[in-house]
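Residue numbers (the numbering used here), protein chains in the order written: chain Y, 657 to 796; chain H, 657 to 796; chain B, 657 to 796.
Any given hint could turn out to be false.
The list that follows gives simulated cross-link-like pairs (lysine to any residue, SDA-like), each with its CA atoms no further than 20 Å apart [what the hints assert, rightly or not]:
#, chain 1, residue 1, chain 2, residue 2
1, Y, 671, H, 733
2, Y, 671, H, 735
3, B, 671, Y, 671
Source of the hints: derived by calculation from the structure; they are not laboratory data.
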Amino acid sequence: MRQATHTLSITTHGKGLYAFTDQAVAWVRASGIQTGLLTLYVRHTSASLLVQENYDPDVQTDLARFFARLVADGDPLFEHTLEGPDDMPAHVRAALTQTSISIPVLNGAPTLGTWQGIYLFEHRIAAQRREVVLHLIGEE
Amino acid sequence: MRQATHTLSITTHGKGLYAFTDQAVAWVRASGIQTGLLTLYVRHTSASLLVQENYDPDVQTDLARFFARLVADGDPLFEHTLEGPDDMPAHVRAALTQTSISIPVLNGAPTLGTWQGIYLFEHRIAAQRREVVLHLIGEE
Amino acid sequence: MRQATHTLSITTHGKGLYAFTDQAVAWVRASGIQTGLLTLYVRHTSASLLVQENYDPDVQTDLARFFARLVADGDPLFEHTLEGPDDMPAHVRAALTQTSISIPVLNGAPTLGTWQGIYLFEHRIAAQRREVVLHLIGEE
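Chain Y extracted, bound-state conformation (with noise of 0.2 Å):
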């Protein structure tokens, strides 16, 4: 039993979602671990992760308009507004999806679904550095 890690750093130019799934299936074929589990771990509290459609872009950004309507920036009920209308609504949008996820490796590869790409979600307007750790552990 052996274990990896890696850090992905992704640049976001605005609230939406960011596909990383061909950087995490490379890396975890390149580990040469065949069975396993990978873990993917955002280092933000204002973007997060999900796992979801990746063919039809329409449900990525109905995705996002969704989130937006739900958490409106500016929403008066928010005390915390120093960094911006957009900050504290971005919190929420986190908390409302997940910060980690882990997916069982077998055959070398993450054991998506068809139709399964892994997104960072940003939740923020201005560009951003976002950092996700990934880890695996596993066999050959």
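Chain Y is fixed; fit chains H and B onto it per the hints.
Okay, now just chains H and B, sitting in the frame of chain Y:
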């Protein structure tokens, strides 16, 4: 240290929670692993996973009704409507819940609380065949 | 490769976020494991887990207020009311957040971002005693 993996197939017939606690617990028991980590992963983007109360069935129907109201079928916000009025809302409900859940294993069993059951949360109306990948790592 | 497990007990006195970052980090440090995976699991269905901003306490109160508004106590939608008007909403708020979170460990510490803290999110009004199971797998 060793691993085990298994794919559960769950047939659904409409929105709601489908318990698979017994199958997951029995599989962990049969593996012989006493101390470890169980990970559940759903291979779909319009169904998700929940650990929720297993005692009063009203909790399960109330959960499904809340999510059906929060993300309504046919919401005109959505542009991805090719697969029917319940498809995009199903993706959103999946995004609002969990794609993977990891549960520590002690004494040969997942450390579920007294009232915790493990559920597949189906978000689509038509019958579906869903796959949940189980991964276990640990020691006898 | 080796494992460690521990159960944290957290007493809550009403809705809101309860930090346990320090306890989790200290326990990882004491284990001697340098590289691995830390998993947190909450054994309840009316409390959940969040990794969120640890700097401005307003973020924590704003998060609690948003979830209290999104899923209101006493909502007539709910039929499960036997355990009080805040019970079923508590289950929904738990379903909307996370039951387990896994964080890679490097250099003997969870790879939390600079502003990330680990919280139990209590969704009930009355005082409760909550259990979070910690599982760590890795190498020295």
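Consistency of the hints with the structure:
no.: 1; hint: Y:671 with H:733; result: holds, 17 Å
no.: 2; hint: Y:671 with H:735; result: holds, 18 Å
no.: 3; hint: B:671 with Y:671; result: violated, 30 Å
The structure shown violates just one earlier hint, number 3.
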